[in-house]
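Residue numbers (our numbering), protein chains in the order written: chain A, 456 to 757; chain B, 456 to 757.
Please keep in mind that the hints were generated in silico from the structure rather than gathered at the bench.
Source: prediction; values computed, not measured.
It cannot be assumed that every hint is accurate.
[As the list claims (entries may be wrong)] Sample of chain A residues at the chain B side, in silico, Cβ under 10 Å:
#1 N542
#2 R546
#3 A557
#4 H661
#5 M715
#6 E741
#7 E743
[As the list claims (entries may be wrong)] Taking lysine to any residue and the SDA-like style, the derived pairs with C-alpha atoms no more than 20 Å apart in a straight line are:
#8 K747(A) <-> F670(B)
#9 K669(A) <-> R745(B)
#10 K747(A) <-> F755(B)
#11 K618(A) <-> V587(A)
#12 K728(A) <-> N638(B)
#13 K618(B) <-> C592(B)
We treat Cβ as the ideally placed atom computed from N, Cα and C, and that holds for glycine.
2 protein chains.
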Amino acid sequence: MSLLVVGSVAFDAIETPRGKVPRAAGGAATYFALAASVFTKVRLVGVVGDDFSAADEKLFAGRNIDLEGLERASGKTFFWSGRYNQNMNERTTLQTDLNVFAAFNPKLPASYCDSVYVFLANIDPTLQSSVVKQIKCKPKLIALDTMNYWIERTPAELRETLKQAQILMINDDETRQLSGEHNILRAAKHIFSMGPKTLIVKRGEHGALMIHEKFMFSVPGFPLEEVHDPTGAGDSFAGGFMGYLAAAKSLNPATLKRAMVYGSVLGSFAVEKFGVERLLTLKRREVEARAKKFEQLTAFEL
Amino acid sequence: MSLLVVGSVAFDAIETPRGKVPRAAGGAATYFALAASVFTKVRLVGVVGDDFSAADEKLFAGRNIDLEGLERASGKTFFWSGRYNQNMNERTTLQTDLNVFAAFNPKLPASYCDSVYVFLANIDPTLQSSVVKQIKCKPKLIALDTMNYWIERTPAELRETLKQAQILMINDDETRQLSGEHNILRAAKHIFSMGPKTLIVKRGEHGALMIHEKFMFSVPGFPLEEVHDPTGAGDSFAGGFMGYLAAAKSLNPATLKRAMVYGSVLGSFAVEKFGVERLLTLKRREVEARAKKFEQLTAFEL
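Just chain A, with the same shape it has in the complex (with noise of 0.2 Å):
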């Protein structure tokens, strides 16, 4: 069913101890889309500048992305530059230029307005809350990303949002900091009081937990010998993940658990080469047998 993404595109410069590239298409919003396009037809919301020529654009070309929501804006593409540590764990901002992506203000094509799944990545709050009044019909599902800006910055505008959202994706401090909690469990608790029934909780290289008001689910991050690049994992996670809900047309607890494997499936993935290299040549056979190794990394019987 329709999946649709509101979020960034962006030239990334990224610096890793493995490294480093001083331009390569990337954002949340592209992440996402080109991992769930493994699965089903993704609509693109966004902003590039004059900047992102015909050759970025192909990028997306022959790979079930939907770009009539992706805006031309006359003036340069949203730029950042980072510089991960040894661990991979930490990174360090060097440069954000919000370019055109500063008067973002999201515009849904008509033909995106009857979006059954929705992913609302990490975004002023005002604009993901934009994106849902103009869906006609109601989603069957709403996602989001946030992250600590506008906890402390807009948690008001945050609030209004998040009691329109099914699941919440975010990571251990920003589940801390939006909750006031430090247990996970009781912070999901709270988290639920505020809309979104499922949390889920992104850990990086320590995998994913996901907390729904009825199970538990977690997954382990996938052990690689070569981390490349982390950039985009989170949202490679959240495409592969809304990806394959999309396709399957079910939202139980079966489903759910089958998503968080495959929204794994594609984090590791992208973490391989730099950038979305990897997501660029990667076969939906190559998915289906990573999402078998989880479950022998996993597998276990009493």
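Starting from the known structure of chain A, arrange chain B on it as the hints suggest.
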């Protein structure tokens, strides 16, 4: 089959955000023995001072723990005090008085010299080796724990001990420090060349990862609403792991995986109350029920 542990028996003073205790029986061998005794008989090799009273010793009574190897020396028992920060992941050691432990020279009673499963808790590698030498028949499995102190101060002695062990159980930092490799898979390969063919990386609230020459297995931390005191979680994990293996009498992958789960079960109970308190009231059926919960937490079908 017979399981032997050598390690510290101590008094601990512990302060966590959930409370404090001024003097509680602790030490690696204590946690290990209490956890392992859920599954099998444990032979304990350690030393206590004359302040370790008959009342203190009652801790071990009626629990499948053989104390013939617990030496009574003149002087005070090993004392440790520490404080945990809000997130319970970091602790500050406030005081360490080795006392009778400083001159500890483990001597195995004749009746222990046929031990088949051996756990060398975190003590001087020279003492770990001396224990192995006193075992007459070749043990089926020797596992060991160590720490940064021994990795830095007695690397040659540690290397000798490692040659005799099949399983090494340490945390992420220790894995990196011992191997000189940041990546955990490459670190494991390096460690395999030192002797052990199985590495268990203990990750606290993030669970544990077993890297065996032929497979990997990950078990998450069990999400708990109340963590009172993380002291002894790793030693309780080791006790559950080794106790289960000794009772199971097999070292095939399925058994090793189950042992990882039972280790995690014991570790998760240990932190629910202060010191060893929770282990003292623990019933086998509670252990089995939590193992089932680990299954629910991790199982999925593709």
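A quick look at each hint next to the structure:
1. Below 10 Å, beta-carbon pairs count as interface contacts, and N542(A) has one with chain B at about 6 Å; its hint therefore holds.
2. The interface hint given for R546(A) is violated, since its Cβ lies 16 Å from the closest Cβ of chain B, which is over the 10 Å cut-off.
3. Taking 10 Å as the C-beta contact cut-off toward chain B, the hint placing A557(A) at the interface is violated, the least distance being around 35 Å.
4. Below 10 Å, beta-carbon pairs count as interface contacts, and H661(A) has one with chain B at about 4 Å; its hint therefore holds.
5. Given the 10 Å rule on beta carbons, the hint for M715(A) holds: about 8 Å separates it from the nearest Cβ of chain B.
6. Proximity of E741(A) to chain B is violated relative to the hint, the smallest CB-CB distance being about 14 Å (cut-off 10 Å).
7. Using the Cβ-Cβ criterion of 10 Å, the hint placing E743(A) at the interface with chain B is satisfied: the shortest such distance is roughly 8 Å.
8. Between K747(A) and F670(B) the CA atoms are separated by roughly 13 Å; this keeps the pair inside 20 Å, and the hint holds.
9. Proximity of K669(A) to R745(B) is assessed by CA-CA distance (about 17 Å); at most 20 Å being required, the pair is judged to hold.
10. Between the alpha carbons of K747(A) and F755(B) the distance comes to roughly 11 Å, so the proposed pair stays at or under 20 Å and holds.
11. A distance of roughly 11 Å separates the Cα atoms of K618(A) and V587(A); the hinted pair therefore holds under the 20 Å criterion.
12. For a cut-off of 20 Å, the pair hint linking K728(A) to N638(B) stands: about 16 Å separates their Cα positions.
13. About 17 Å separates the Cα atoms of K618(B) and C592(B), which keeps this hinted pair within 20 Å; it holds.
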